[in-house]
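Protein sequences appear in the order of chains U, H and X. FYI, in the working numbering the residues of the first sequence are 7 to 605. FYI, in the working numbering the residues of the second sequence are 3 to 315. FYI, in the working numbering the residues of the third sequence are 8 to 295.
Some clues are possibly wrong.
To be verified - Calculated lysine-lysine pairs in the DSSO-like style (CA-CA distance at most 30 angstroms, straight line): (1) H:K230 to U:K450; (2) U:K31 to X:K155; (3) H:K311 to U:K124; (4) U:K457 to H:K230; (5) U:K124 to H:K230; (6) H:K311 to U:K462; (7) X:K36 to X:K176; (8) X:K35 to U:K124.
Unchecked claim - Incomplete in silico selection of chain H near chain U, CB under 7 angstroms: (9) A4; (10) I7; (11) S69; (12) G140; (13) Q159; (14) L160; (15) W162; (16) T216; (17) G253; (18) V256; (19) V272; (20) A292; (21) V297; (22) K311.
Quick caveat, the hints were computed from the structure, so don't treat them as lab data. Quick caveat, the model's predicted, so the values are computed rather than measured. Positions of the beta carbon are idealized from the N, C-alpha and C atoms, including for glycine.
What follows is each chain in one-letter form.
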Amino acid sequence: MSDTKPTMPIPVTKRSQGLLRRVMKNPVGLVSLGFILLIFGLALFGGLLAPHDPNLSDARLILAPASADHPLGTDPSGRDVLSRLLVATQISLFAATLALVVALVIGVLAGLVAGYYKGWIDGVFGWITALTISMPGIIILLAARTIIGPSVWLAMLVFGVLMSPSFYRLVYASVSAVREELYVDAARVSGLSDGRIISRHILGVVRAPIIIQSAMILGIAVAIQSGLEFLGLGDTRVPTWGGMLSDGFAAMYRAPILMLWPSLAIGLTSIALTLFANVLRDELERSGGILRRRKKGAQAAEKRSRQGDPVLVHGEDAHSARRTGEVLLDVSNLHVGYDQPDGSLVEVVRGVDLTIRRGEVHGLIGESGSGKSQTSFAILGLLPSGGRVVDGSVVFEGVQLANADADAYATVRGTRMAYIPQEPMSNLDPMFTIGSQLTEPLRKTQGMDKKAATKKALALLARVGIPDPQRTFDAYPHQISGGMAQRVLIAGAVSSDPDLLIADEPTTALDVTIQAEVLDLIRDLQQDYDMAVLLVTHNFGVVADLCDRVSVMREGKIIETGPVRGIFADPQHAYTQSLLDAMLEDSAPRPPLTQGARS
Amino acid sequence: MARFIVRRVLSRVVLLFAITTLAFILLYAGSGDIARRIVGQTATAEQVAARAAELGLDRPVLEQYVSWLGNAVTGNLGRSWFSGQLVLDGVASRMAVTLSLVIGATIISALLAVALGVWAALARGVVDRVIQFLTVLGMAVPGFLVAVGLVLVFALQLGWFRATGFTPFAQDPGGWVRSVTLPIAALAVGGVSAATQQIRGSVIDALQRDYVRTLRSRGLDTRSVVFKHVLRNSIGPALAILNVQFVGMLGGAVIVEQVFALPGLGQLSVAATLQGDIPIVMGLVLATAAIVVVVNLAIDLAQAFLNPKVRLA
Amino acid sequence: MTTPLLDVRDLDVIYPARGGAKPFHALKKVSLDILPGETVGLVGESGSGKTTLGRAVLGLAPVSAGSIAFDGRDISHLSRRARRPLARDLQVVFQDPYSSLNPSMTIEQILAEPLTANGVEGKAARDRVRGLLDRVHLPADAANRLPKEFSGGQRQRIAIARALALDPKLIVCDEAVSALDLSTQARVLDLFIEIQEATGVAYLFVTHDLAVVRHVSHRVAVLYRGEIVESGPGAQVTLHPEHPYTQRLFMAAPVPDPDRQQQRREARRELLAAQASGAPGGGATAAQ
């Protein structure tokens with residue numbers, strides 16, 4: 007631990023691919039992006055390709071069929087359908103783009119300013135938002151048309167204003183969130199100006215969501231504009247998709263084919279934009295997932311290299327010899343893995359052997375990512391989605407639980423095996439009272455009626471040291487403190503008089519004074535109920551306080567196990583030794599600063 | 003809770019007031035020479051002025067607004083400039099058609115979306131991917147295109163339903179069903195899709211909550227946890243999306259009514275807009291805003307009631 | 008007697024009322040000083056106001072009353088602009104090594120940010136970044152990586168390097184090792200001490216962890232519900248606490264030895280019984 011310590015190596019990982027490239031690799035993304043580019047290309051240059059004047063009526067050619075001169079035929083007024091379609095593409099798309107640009111400029115600028123500085127813009131946009139969600143956009147556009155007339159451009163300008171809150175809210179939320187990030191605080195402490203903070207730290211975060219939202223808004227603008235034109239509210243001299251559809255609809259009985267082209271244009275453009283936005287969003291979300299997977303993968307690779315180390319087992323001592331009753335839980339060669347989308351398997355628990363006897367308190371200690379929580383979830387049969395027991399056995403009171411179905415667990419969970427989680431608050435359903443969450447399992451697993459279950463729940467709340475059980479029973483989770491919530495969860499766990507209690511970091515989220523009380527409570531209950539306890543923790547002090555035996559876990563395996571006194575006094579494995587050495591509880595206090603101590 | 007209700011109701015009333023004020027001022031101040039448009043291009047200047055005076059259009063906009071508001075509070079929304087019909091009568095007679103479409107589509111959306119959303123979230127895999135893809139398509143295709151497609155297939159080709167026209171329920175229930183089925187279907191496609199995605203997302207989210215694992219550890223099976231706790235926690239987001247969908251469908255109804263030639267608010271508003279019949283447009287704005295405000299308020303209060311943090315505050 | 012580098016006098020921080028909630032009085036009449044090159048540990052449980060004190064010193068929390076003087080100059084009500092030059096002398100290391108580094112910037116960009124903001128550019132900045140990485144024992148090729156490629160402990164080293172970039176006189180360490188695993192935690196703490204001995208920087212070390220505070224602090228202050236209830240040399244406060252709350256706090260932390268923990272448990276029970284019966288210092292327990 008001196009200056010000469012070598013620099014630490016960093017595993018080499020591949021830089022992630024650009025978002026656009028990943029979208030292109032997705033077939034749906036590629037096709038939809040291709041279509042969007044094609045249709046915008048037509049919009050740009052289509053007018054030049056149009057063989058005829060789109061508004062030229064030829065009375066001799068009303069509803070003429072397709073011919074060399076008129077590849078798509080003519081409409082009821084004798085105008086060339088292909089020419090109209092090409093020009094309409096330009097007008098419809100550009101008008102929709104106008105709406106998008108207006109919405110973008112207003113929404114993004116206001117969102118950046120309001121999100122960073124808060125203030126009155128928030129109020130103004132609150133009102134515009136309230137207005138737009140209180141009135142269907144088309145009604146506002148109808149009302150606006152009485153003032154602004156039939157111009158599709160003006161209509162889309164108004165629509166852009168109406169859509170600006172969707173960008174505003176997006177940017178505002180992103181900026182508000184980023185503003186709370188510690189790296190923005192760090193930038194402020196480093197003396198960066200607001201402008202630099204926005205451009206360096208904030209714009210990058212909102213860019214991708216803005217692109218996604220833009221595709222959606224463009225699609226909506228195309229749809230609503232076509233709808234307006236379809237209603238016949240547009241300028242009849244200007245060809246648009248919706249106007250063409252309207253013309254075709256009027257001639258529905260004579261020439262239904264006329265509806266096909268504008269319908270395809272409107273439908274495919276909307277679909278392509280929406281699909282593109284969806285693929286983009288999926289890829290954006292997945293990029294978060296890839297990170298996590300890669301991290302797990304890296305750990306797993308590291309793990310494999312250390313396979314084959316024997317578990318160091320300590321002999322029994324006078325204290326632990328009292329706990330040599332019948333074997334309650336026997337885990338052997340347990341492997342837990344997560345299936346990856348690419349078909350591979352990442353193992354997080356790799357061959358754990360663990361024996362817990364009746365009435366024994368067994369500590370499972372390890373650092374983050376060691377697989378200790380995964381082991382306990384596997385025993386409970388409550389692995390997160392995607393996780394499964396790959397190999398090995400979990401025998402609890404003679405029943406094999408590894409990969410057992412719901413029926414096997416029905417006789418175990420909530421009756422003979424119970425669980426105390428780490429985070430008190432998130433483990434209570436916010437929508438139900440404490441009382442209902444305690445009595446529901448009692449009625450289900452113990453067949454109690456409501457009255458008996460209530461009585462038992464109140465008694466349990468009193469037992470775990472809650473001062474006013476009836477009040478807590480009637481309370482909702484948000485009305486009680488974290489320490490109280492943890493007591494409630496303990497009451498719920500012991501309500502079935504279990505043989506085995508699995509406590510996953512039961513005090514990690516608590517303040518140290520509350521931790522001491524909760525540890526006392528678990529100790530008392532363990533003695534009252536004569537339960538076995540599997541205590542998952544990273545804290546050697548907690549192990550010393552409660553446990554008879556302890557197993558040290560690292561990288562998915564148990565490396566050392568035995569009576570707690572033996573392991574603390576005489577750790578055999580280098581890793582256990584290093585963990586104990588890293589404990590600061592017994593380190594000497596730093597002496598006061600003397601003038602000589604400074605350089 | 004009582005304070006919450008009062009605050010919400012007040013803020014909605016203020017919002018309604020603000021919308022109508024804004025609409026009135028913009029419509030009356032922005033529409034140029036209204037009297038000229040009513041009497042036509044051939045009328046003399048005297049005729050125009052006389053008409054303007056008759057309708058009170060020569061007064062300042064604010065003054066006109068105050069008198070409109072005074073009348074509106076008593077239920078008098080004026081008369082159409084062109085047909086002379088009472089605005090209130092015109093709006094009220096068409097409201098039933100539009101509301102039956104929108105409410106029907108909302109109920110169908112809610113039921114289907116809960117079923118599909120929960121199914122997709124629980125089944126995952128192929129079922130999930132198919133439902134997801136269909137709902138993305140459903141959200142992408144504009145409602146009026148769906149309406150046009152339905153007319154073509156079911157009314158023109160198959161002849162199962164009437165393409166156009168409306169039969170009041172009181173007159174012939176069977177005919178009513180035949181006349182509203184296709185319009186409701188056209189309206190509901192987008193709503194079902196959006197709500198399904200939302201419900202699927204919130205169920206998946208709720209399933210991953212810590213308390214679900216804890217409840218299962220106490221011996222509750224997945225089914226009862228899903229149907230009691232997960233659904234209960236998903237109601238809030240589901241109501242929020244239905245609220246948004248309701249407003250969207252109210253707008254969609256304008257176009258769908260036109261496709262099926264149903265005598266609803268949509269038809270009235272298109273005609274009024276083309277003519278520049280501002281009293282009718284004003285009546286429509288007020289009616290639409292009032293409906294939305296009432297629905298918003300109902301959903302807001304329902305959500306507040308369902309959320310103990312708000313209910314007990 | 009050396010003049011204090013940081014001198015906090017009778018500091019009050021009140022967070023204004025928001026959305027129906029009452030104003031929150033996070034700190035009440037807090038006084039604290041730090042000498043150049045000294046580590047002052049600030050220990051307390053959740054809601055004690057310890058993080059608020061650190062943020063107030065950094066200008067990230069509102070000062071309602073009292074004063075904060077740095078290097079003899081009052082900084083309690085500086086504007087953002089006026090505060091900017093202070094970045095050279097006053098820096099921060101946050102708790103969460105994941106959100107304290109912008110995930111889309113390379114390590115070099117992160118470390119160069121305070122340098123360029125203070126006029127160090129180009130080659131000088133790049134050389135300085137290399138020096139900083141070396142200072143925290145990270146290889147030079149770390150400069151071109153993104154934060155996600157590093158473990159929690161390594162990220163915290165990067166955060167320390169960023170804090171050191173401008174050779175500050177004081178670093179506020181807000182739970183700087185709390186999110187780290189035990190073995191990593193010890194190594195990062197030793198890095199803090201090593202840097203202090205080499206550069207003479209002072210630390211305000213905010214933490215809930217009593218063992219950490221004992222290990223790094225020359226002096227310790229105990230914060231309880233917005234007030235400092237006890238302060239003094241590390242050895243005195245952490246081994247022979249006088250205030251009833253400090254006593255309870257220190258007795259509550261379990262020691263990693265089954266037999267000694269059993270004794271401590273019993274001692275704690277006796278202490279609680281004595282405090283409850285109003286024996287030594289029972290006045291403060293009445294607040295419970």
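Now the hints, each set against the structure:
1. H:K230 to U:K450: Holds - the C-alpha atoms of K450 (chain U) and K230 (chain H) are around 13 angstroms apart, at most 30 angstroms.
2. U:K31 to X:K155: holds (24 angstroms)
3. H:K311 to U:K124: Holds, at about 26 angstroms.
4. U:K457 to H:K230: Cα-Cα ~21 angstroms, so holds.
5. U:K124 to H:K230: violated (40 angstroms)
6. H:K311 to U:K462: Holds - the C-alpha atoms of K462 (chain U) and K311 (chain H) are around 27 angstroms apart, at most 30 angstroms.
7. X:K36 to X:K176: Holds, because 25 angstroms separates the two Cα atoms, which is no more than 30 angstroms.
8. X:K35 to U:K124: holds (28 angstroms)
9. A4: violated (18 angstroms)
10. I7: violated (18 angstroms)
11. S69: Violated: closest Cβ of chain U sits about 20 angstroms from S69 (chain H), beyond 7 angstroms.
12. G140: Since chain U brings no Cβ nearer than about 10 angstroms to G140 (chain H), farther than 7 angstroms, the hint is violated.
13. Q159: violated (10 angstroms)
14. L160: violated (14 angstroms)
15. W162: violated (17 angstroms)
16. T216: holds (4 angstroms)
17. G253: holds (3 angstroms)
18. V256: holds (5 angstroms)
19. V272: holds (5 angstroms)
20. A292: Hint on A292 (chain H): violated, closest Cβ of chain U at ~10 angstroms, above 7 angstroms.
21. V297: Status violated, d = 10 angstroms.
22. K311: K311 (chain H) check passes; min Cβ-Cβ to chain U is 5 angstroms, inside 7 angstroms.
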